[in-house]
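S.K.: Chains as they are written, first to last, in the working numbering: chain A, 1 to 162; chain B, 163 to 907; chain C, 908 to 993.
Simulated from the structure, these hints should not be mistaken for laboratory data. A few of these clues could be false.
Unchecked claim - Computed from the model, here is a short list of chain A residues facing chain B with C-beta under 7 Å:
id, residue
1, C47
2, A49
3, E78
Heads up, the beta-carbon is just placed ideally off N, CA and C, and yes, glycines get one too.
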Amino acid sequence: MSKRIVSATINGEVAEFLVEPYETLLEGLRNDLGLMGSKEGCGNGNCGACNVILNGALVNSCCVLALEANGATVTTIEGIAQGDHLHPIQQSFLENAALQCGICTPGFIVAAKALLDAEPDADEGRIRHYLAGNLCRCTGYDKIVRAVIDARDEMRQPAGTR
Amino acid sequence: MVTTDKPAYKVIGTRPLRPDGIDKVTGRAVYGSDIHLPGTLYGRIKRSPHAHAIIKRINTAKAEALPGVRGVVTAADFGGDPAALPDVSKNILAGDKVLYRGHAVAAVSAISDLIARQACDLIEVEYEVLEPNLDVREAMLAGAPILHPNMRTRTPAGPSENASNVVAHAAVAFGDADKAFAEEDLVVVEIETKTQMVHQGYIEPQATTAMWNPDGHLTVWTCTQGSFPARASISAILGHPISKIKVIPTEIGGGFGGKIAVYLEPVAALLSKKSGKPVKMTMDRVDVFEGTGPTPGTSIRAKLGATKDGKLRAFYADLAYENGAFAGSAANYATMCIAVGYDIEHVKLDAYDVVVNKPRTQDYRAPSSPAAMFAIEQLIDEMAQKLNIDVETLRMQNICKPGTRGPMGMPHQAPGHEECVRQAMNSEHYKSPLEGPNRGRGTASGFWFNVGLRSSVSVTVQPDGNVSLIEGSTDIGGTRASLAMQLAETLGIAYDDVTPTVVDTDSVGYNDVTAGSRVTFGTGMAVYEAGKNVIKEMTARLAPTWQCPAEDITFEGGTFKNADGSKTGTFKEIAQAVVGRGPGLTASGSVNAGFLQGGGFAHAIVDVEVDPETGKVTILRYTAIQDAGTAIHPSYVEGQMQGGAVQGIGWALNEEYYYDDTGRMANSSYLDYRIPTTLDVPMIDTIIVEVPNPLHPFGVRGVGEPGIVPPLAAIANAISHATGVRQTQLPMNPRRILETTNNGK
Amino acid sequence: MATVHIPALLRPLTGGTSTMEAAGSTLREVIADVVRQQPKLAGRISDTTGLLPEIMVAIGDTEAKDVDVPVPDGAEIWILPSIAGG
Numbered sequence: 001m002s003k004r005i006v007s008a009t010i011n012g013e014v015a016e017f018l019v020e021p022y023e024t025l026l027e028g029l030r031n032d033l034g035l036m037g038s039k040e041g042c043g044n045g046n047c048g049a050c051n052v053i054l055n056g057a058l059v060n061s062c063c064v065l066a067l068e069a070n071g072a073t074v075t076t077i078e079g080i081a082q083g084d085h086l087h088p089i090q091q092s093f094l095e096n097a098a099l100q101c102g103i104c105t106p107g108f109i110v111a112a113k114a115l116l117d118a119e120p121d122a123d124e125g126r127i128r129h130y131l132a133g134n135l136c137r138c139t140g141y142d143k144i145v146r147a148v149i150d151a152r153d154e155m156r157q158p159a160g161t162r
Numbered sequence: 163m164v165t166t167d168k169p170a171y172k173v174i175g176t177r178p179l180r181p182d183g184i185d186k187v188t189g190r191a192v193y194g195s196d197i198h199l200p201g202t203l204y205g206r207i208k209r210s211p212h213a214h215a216i217i218k219r220i221n222t223a224k225a226e227a228l229p230g231v232r233g234v235v236t237a238a239d240f241g242g243d244p245a246a247l248p249d250v251s252k253n254i255l256a257g258d259k260v261l262y263r264g265h266a267v268a269a270v271s272a273i274s275d276l277i278a279r280q281a282c283d284l285i286e287v288e289y290e291v292l293e294p295n296l297d298v299r300e301a302m303l304a305g306a307p308i309l310h311p312n313m314r315t316r317t318p319a320g321p322s323e324n325a326s327n328v329v330a331h332a333a334v335a336f337g338d339a340d341k342a343f344a345e346e347d348l349v350v351v352e353i354e355t356k357t358q359m360v361h362q363g364y365i366e367p368q369a370t371t372a373m374w375n376p377d378g379h380l381t382v383w384t385c386t387q388g389s390f391p392a393r394a395s396i397s398a399i400l401g402h403p404i405s406k407i408k409v410i411p412t413e414i415g416g417g418f419g420g421k422i423a424v425y426l427e428p429v430a431a432l433l434s435k436k437s438g439k440p441v442k443m444t445m446d447r448v449d450v451f452e453g454t455g456p457t458p459g460t461s462i463r464a465k466l467g468a469t470k471d472g473k474l475r476a477f478y479a480d481l482a483y484e485n486g487a488f489a490g491s492a493a494n495y496a497t498m499c500i501a502v503g504y505d506i507e508h509v510k511l512d513a514y515d516v517v518v519n520k521p522r523t524q525d526y527r528a529p530s531s532p533a534a535m536f537a538i539e540q541l542i543d544e545m546a547q548k549l550n551i552d553v554e555t556l557r558m559q560n561i562c563k564p565g566t567r568g569p570m571g572m573p574h575q576a577p578g579h580e581e582c583v584r585q586a587m588n589s590e591h592y593k594s595p596l597e598g599p600n601r602g603r604g605t606a607s608g609f610w611f612n613v614g615l616r617s618s619v620s621v622t623v624q625p626d627g628n629v630s631l632i633e634g635s636t637d638i639g640g641t642r643a644s645l646a647m648q649l650a651e652t653l654g655i656a657y658d659d660v661t662p663t664v665v666d667t668d669s670v671g672y673n674d675v676t677a678g679s680r681v682t683f684g685t686g687m688a689v690y691e692a693g694k695n696v697i698k699e700m701t702a703r704l705a706p707t708w709q710c711p712a713e714d715i716t717f718e719g720g721t722f723k724n725a726d727g728s729k730t731g732t733f734k735e736i737a738q739a740v741v742g743r744g745p746g747l748t749a750s751g752s753v754n755a756g757f758l759q760g761g762g763f764a765h766a767i768v769d770v771e772v773d774p775e776t777g778k779v780t781i782l783r784y785t786a787i788q789d790a791g792t793a794i795h796p797s798y799v800e801g802q803m804q805g806g807a808v809q810g811i812g813w814a815l816n817e818e819y820y821y822d823d824t825g826r827m828a829n830s831s832y833l834d835y836r837i838p839t840t841l842d843v844p845m846i847d848t849i850i851v852e853v854p855n856p857l858h859p860f861g862v863r864g865v866g867e868p869g870i871v872p873p874l875a876a877i878a879n880a881i882s883h884a885t886g887v888r889q890t891q892l893p894m895n896p897r898r899i900l901e902t903t904n905n906g907k
Numbered sequence: 908m909a910t911v912h913i914p915a916l917l918r919p920l921t922g923g924t925s926t927m928e929a930a931g932s933t934l935r936e937v938i939a940d941v942v943r944q945q946p947k948l949a950g951r952i953s954d955t956t957g958l959l960p961e962i963m964v965a966i967g968d969t970e971a972k973d974v975d976v977p978v979p980d981g982a983e984i985w986i987l988p989s990i991a992g993g
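With the sequences and hints as input, model every part of the structure.
M.R.: Okay, structure coming up:
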């Protein structure tokens, strides 16, 4: 088997990279593009630490082949902040002390963004349901759920009143 | 909630943002597997498919012949003194026997991870398969298959005559429990509990990169709870001098005790030595479950006797703890915890450490205490029911106080147990009635030590008057923040003026593990010491300028002042003068804060609902109460309490190492092992109790561990009140609830 | 004279003895007397460089960090296995 070219829009910029046909998107992001923010906690879609947004859908990048990203738009944790402005979800995670070791944090933030972009009014029950695919072993989830609720409220305010 | 008056701190007790926060929310923080050096090779471990077998032959020829393979190692390649750390060494690469499924037998390095995995498949190992020991009580019986032919049981009467799987029998006695049970007029309750191995479940699998330079200098990047102890282990296993090994700790994606021991590091070092290239090794999740150290499964038989008016008089427990494949001292820890919460005159404990064909166990948050408290805290609940006394009232009637016999017989100094239970009783949760069918409320207490151990830090004053804090305690739960806060408090400056950095083993003095709830406590003491040394040096430099003896200069509340108060200056002003225009200033603080630091109590109130159709237990409400001494950063204290509570909830309701008859773990994925998710738990309410610790300059107690202890018994008590059936085995999953409650009907 | 409490872990070496009386004005002397009475404890509490890392010792309710600390007459001395945690 020989390597193939993947061309994708990653965090707003076109990237081309060579991948093995069996390589996962997570491996491609980390090993070929040096985007180390997506983490591998399980390698089989159980933990969500590798969450990225692929063509608008939240996916576990360890369960997607890198080749499947050809022609796609991908947002990773590295693309959530705008320049030196943290996204409200990132800011809310900091202010709510919603991270301890931090290994699950990128996945949670990407997942929360996918949720709030699609459902700006998600309530606590919906947030808990949506984030059930992301495992955290440090926090007990309390402060994570609070952080997403706070970010939701912040993001719901009309532009200009923030 | 503040329970005791404390000094008016400026920084301590506030909730600033963590210094490593932005890196962690943007994906920039560098963890174990994020290290990637040019020319890196990939290493993989060949693991045993059998739980118990003799290794007759290992043939690596085919693996070595595979194109792209750069090296193969087995235990024979370890160069250390075989007598130094023999168990650790044999656990990392098996010697003549494999003792659990997943036990490492060989390792390979190759130019790609795929080739390394393929090469592992090509290593041929010939086994003589033996019968496994999978049950702690059966392994204790005469005639059970023996794991270690040379092992003799250490007993008070001397070593056993025959080989045994029982590592040690420890007998602890205070007063005369046998006599009290026989002769006093006591109400007696008994229980027999069984718990299974559970894993720490840190989300980041073990990962390391090693680079062995031709001049013998070895550099190891790893996600560890203790870079200095890791360095010592690597040195002993490889027989390589400590001074030629540098361990660079990366960010660590959770540990909870599971990242104290080394696994991959010495192997990666050997593979690097063989190939001359950096070698990176990572575990996958199955490796983590099968090949690292969970916490022991247990079998405990206990009985408790009290007078009819509720005075606890006698307690007996027989505790058997699985050590896994190699000897540990798990049951010994349990004896130090099980009865420390109460004033009980007669206590007798028989504790057995037992080897079984499961992974060598390691510490997990308050190691050995949760299973022990699962037994005694249910007996307390049972006793309260039998005597028709409110259970918290029964606790308060017997609770330990300063001077009560504490862990291992020594008197308690300032135990916070009483204050924890008092605050629980005063809580809104406890005062709110729980209504509805199939619902029950439970309470329980927990305890774990808080150790000090050895820590070193250095503090450099920058020309602008800010300071950098160099520390060697790896940061799992926010200790860069809690240490920077203590330094800011000591120097009278703002938290933001302190920049903390965790450095490698060449760059700071010795630091023990980030474990035992010790960093905010013990390294905090080193920080305080270093801060005091900074002030001392600044005072000495200031004296000639102010034309007075250094002794006349005081430093209080962040301000230097001369004797008559005519000259004053803030820390920053003076720093800019004596450091900004003078020579550099670095001061260090090193402490041995010892072991005995009082320890910490925790308590929990939990409401559950049990679905009679499915047996599923839902946690409706949970309140965690814990003595923090002084909460440096209350949000991180809450985080420790909430995290511990949810780990305990998972342990109580769902988690277990589920083995088939051959010793194969049948649920070695997150999907099947299933730690709690957002859907499984409610918000976790917290009550921080503050009974300042007299042994720390700011009154700190370690807070990392006690919170995991109460949930097991608290939930069992709640289920028993909801269903009328006492739960004696973990996990209390739907199948077990259905089986026990149907049998009960 | 001091009363010395032996931890369960070391009682296999004392034939089950859990407390004993020992003489000495420093911890070093007391340990020497303990070892004289229970020779199998030699090297199990301290060695030439001090207390073993796996042992901690408390005199009354204060932990002794080295073997040269004074021991008051009538002191309760607790020899304990060291602990850490997760």
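S.K.: Any hints this thing doesn't respect? Which numbers, in order?
M.R.: none
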